[in-house]
Amino acid sequence: MNLPRALRVLRFPRLQLQRHALRTALALGGIAVAMLLWTIIRSAELGVALATERGASDTKLVVYRQNRYCPFASQLPQHYAESIERIPGVRSVSPVKIVVSNCRASLDVLTFRGVLPEWIDAELLPGVEMLQGSADEWRSRGDAALVGEELAARRRLRAGDTFRSAGVTVVVAGIFSSDDPQDRNSAFVHLPFLQEQAKRGGSGGIVTQFTVTVDDPSKLESVATAIDERFASDSHPTSTAPEKSFVANAAKDVVQLAGFASWVALAALAAVFALVANALALAMQARVRETAVLEVLGFTGSLVAWMTVAEGLALALVGGAIGAVAAWTGLWVLRPAFSAEGAVIEILPSASVLLAGLAASAVIGVAAALVPALRAARLGTAQALRAG
Amino acid sequence: MPLVEARGLTRTYRKGEQEIRPLDGLDLDIDAGRFVALMGPSGSGKSTLLNLLAGIDRPTAGSLVVDGVDLAALSRRELAEWRSRKVSIVFQLYNLVPVLTAYENVELPLLLHDLPRRERHARVVRALERAHIAHRHDHMPRQLSGGEEQRVAIARAIVTEPALLLADEPTGDLDRSSAESILDLLSSLHRDEGRTIVMVTHDPRAAERAQATLHLEKGRVAETIARTGAKESSRAPANTEAHA
Ligand SMILES: Nc1ncnc2c1ncn2[C@@H]1O[C@H](COP(=O)(O)OP(=O)(O)O)[C@@H](O)[C@H]1O
Ligand SMILES: [Mg+2]
Chain A
1 MNLPRALRVL RFPRLQLQRH ALRTALALGG IAVAMLLWTI IRSAELGVAL ATERGASDTK
61 LVVYRQNRYC PFASQLPQHY AESIERIPGV RSVSPVKIVV SNCRASLDVL TFRGVLPEWI
121 DAELLPGVEM LQGSADEWRS RGDAALVGEE LAARRRLRAG DTFRSAGVTV VVAGIFSSDD
181 PQDRNSAFVH LPFLQEQAKR GGSGGIVTQF TVTVDDPSKL ESVATAIDER FASDSHPTST
241 APEKSFVANA AKDVVQLAGF ASWVALAALA AVFALVANAL ALAMQARVRE TAVLEVLGFT
301 GSLVAWMTVA EGLALALVGG AIGAVAAWTG LWVLRPAFSA EGAVIEILPS ASVLLAGLAA
361 SAVIGVAAAL VPALRAARLG TAQALRAG
Chain B
389 MPLVEARGLT RTYRKGEQEI RPLDGLDLDI DAGRFVALMG PSGSGKSTLL NLLAGIDRPT
449 AGSLVVDGVD LAALSRRELA EWRSRKVSIV FQLYNLVPVL TAYENVELPL LLHDLPRRER
509 HARVVRALER AHIAHRHDHM PRQLSGGEEQ RVAIARAIVT EPALLLADEP TGDLDRSSAE
569 SILDLLSSLH RDEGRTIVMV THDPRAAERA QATLHLEKGR VAETIARTGA KESSRAPANT
629 EAHA
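Residue numbers (the numbering used here), protein chains in the order written: chain A, 1 to 388; chain B, 389 to 632.
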């Protein structure tokens with residue numbers, strides 16, 4: 001294999017693509033749309049995985065009212081916190097009132113979490129980084145909110161802004177970044193303030209759920225069982241689950257949708273294959289004579305095959321890059337997230353999805369080019385030129 | 389030793405039950421530096437012979453040695469390599485690549501040669517100038533007349549400095565004056581640069597430009613007319629070896 005020659009002859013497929021500009025643009029457009037779709041779906045799947053797949057080090061439980069789904073319908077007495085705290089294995093417990101702008105599965109939901117200052121200090125602040133404002137500012141104002149960066153980006157919020165949603169008006173005291181998708185998509189406010197402002201879902205003494213942190217990740221299940229047993233015969237029985245199982249359950253519809261969308265993603269890859277194969281098959285058909293001329297000039301069959309594969313690779317890679325980068329940029333700017341029943345699933349722009357998309361495009365481009373390439377390489381020269 | 393040496397050259401094609409034998413035990417010698425015309429009725433095997441000489445088709449039987457190389461012994465890949473260095477062919481219908489400019493068409497065969505970019509450019513320019521078509525170097529084939537396209541095709545054929553230049557009815561699709569000027573170009577390539585040219589033609593006036601005319605009939609050389617400066621000619625009886 002003569003490498004300089006193999007690179008030199010790439011001028012031919014390059015000029016073919018450039019000079020058949022319309023055909024190339026149409027193929028690239030189709031491939032780009034398919035890879036845009038693929039990238040968005042894969043990003044959503046990644047978001048589902050991050051929000052719902054439990055890690056070995058997860059320590060958070062959510063205590064909810066049994067058989068209730070919307071945050072407004074889950075009402076638990078705040079004093080349960082004291083009983084929960086006494087259960088062995090529990091490190092901390094925090095009553096939380098949740099108010100959402102929309103309970104059903106939808107995009108762009110605003111989630112308020114009313115919590116106590118002790119929980120902010122003990123559980124939130126150690127794991128986050130303040131990007132704007134401060135926790136002191138939050139403590140000093142009753143109507144203050146600490147806003148997660150994803151929510152802030154989506155709503156274009158900055159420290160000092162006042163905003164109103166679901167009948168609640170708050171001032172942004174700080175914006176923080178966090179590894180937890182639920183936290184970074186929520187606005188944390190003072191519990192009494194939220195109980196006062198949002199009468200719906202129960203006012204004083206009533207909360208939506210408890211967030212419990214356990215000492216030992218391996219005891220997550222047993223602590224959950226102990227909590228539910230403790231209130232089983234109470235007037236407000238509970239249902240306790242690891243936070244990620246809770247999200248998976250709350251956002252069932254979205255998770256199912258993402259599962260179905262995997263097939264759409266697969267279909268998008270099939271579409272890329274079909275688009276490249278079709279573009280090349282048509283091109284090679286129109287180019288039978290030119291290919292014969294190449295062979296007369298001394299181009300070997302393998303060189304012709306290589307040029308065809310390179311053309312397919314270029315189409316798939318450039319089209320795929322346009323689609324994947326467009327999707328990535330769109331996700332980066334818009335930061336979409338699904339919410340359902342107060343649980344959030346983000347659609348994240350991710351470098352790994354972007355790279356996987358480019359790699360998939362490249363592999364598909366080469367695969368789709370193989371048949372047209374082998375055909376072109378096998379062409380009988382004299383015959384082809386005589387036929388014209 | 390002659391540049392081209394064919395012995396018992398045979399090519400058969402199968403068309404269903406029927407077997408066609410356009411070349412049937414043809415013997416032929418062509419010395420280097422000669423300009424030979426190849427004539428004969430339609431279907432007499434002229435193109436078949438030219439394609440064998442060009443290494444784009446293979447004999448069914450017999451031997452064909454060009455420039456000391458037995459073409460029948462070469463693999464497909466070796467034959468392609470050989471074509472890119474030793475032989476060029478010009479067709480009746482030019483066969484330029486439509487999406488490439490005249491310059492790019494002429495450059496195409498040189499992409500196979502390991503030459504510095506500068507040298508490649510110099511050779512393309514020289515070939516275009518030699519074919520008197522340098523002024524149209526950035527034109528697409530569809531912007532050129534037939535005669536101009538054929539000039540580009542000839543530039544593409546000579547840019548690799550082949551030992552053997554073949555032409556299959558190169559003026560067959562051209563008007564009288566374009567044809568004349570293409571023949572002038574081929575004659576001067578022979579006269580001034582000593583190129584060996586084998587040209588298929590139907591036109592006796594075109595054949596007159598050559599030093600010798602071979603008549604093909606029934607798959608063999610039926611007659612050889614050699615022409616020296618004056619119009620003296622010699623006739624060789626059929627079934628003997630033709631020497632041009
Ligand atoms: N690929 C082929 N398959 C079958 N028959 C062919 C093929 N090529 C040429 N022939 C036949 O061989 C004979 C000679 O063809 P050709 O060499 O093109 O004649 P010429 O150029 O002298 O007119 C013709 O009868 C033609 O039909
Ligand atoms: Mg012919």
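Some hints here could point you the wrong way.
[To be verified] Label-pair restraints from in silico Cβ distances:
1) A/ALA25 <-> B/ARG409: 17 to 25 angstroms
2) A/ARG5 <-> B/VAL457: 34 to 42 angstroms
3) B/GLU407 <-> A/VAL264: 30 to 38 angstroms
4) A/VAL363 <-> B/HIS523: 27 to 35 angstroms
5) A/GLN18 <-> B/VAL457: 32 to 40 angstroms
6) B/THR448 <-> A/SER302: 21 to 29 angstroms
Hints were generated in silico from the structure; no laboratory data involved. Glycine included, every Cβ here is placed at the ideal spot set by N, Cα and C.
*asked:* Taking 30 to 38 angstroms as the stated bounds, is the beta-carbon spacing between B/GLU407 and A/VAL264 within them?
replied: violated, 57 angstroms
*B/THR448 and A/SER302, beta-carbon distance inside 21 to 29 angstroms?*
holds, 26 angstroms
_Cβ distance range 34 to 42 angstroms for A/ARG5 and B/VAL457, holds or violated_ = violated, 21 angstroms
*Verdict for A/ALA25, B/ARG409 (Cβ pair) under range 17 to 25 angstroms*: The hint (17 to 25 angstroms, Cβ to Cβ) is violated, given that A/ALA25 and B/ARG409 are roughly 51 angstroms apart.
*asked:* If I claimed the Cβ atoms of A/GLN18 and B/VAL457 lie 32 to 40 angstroms apart, would that claim hold in this structure?
replied: holds, 38 angstroms
*Lying within 27 to 35 angstroms: is that true of the beta-carbon distance A/VAL363 to B/HIS523?*
Taking Cβ atoms as reference, A/VAL363 and B/HIS523 lie about 47 angstroms apart, which means the hint is violated.
Of the numbered hints listed earlier, those contradicted by the structure are 1, 2, 3 and 4.
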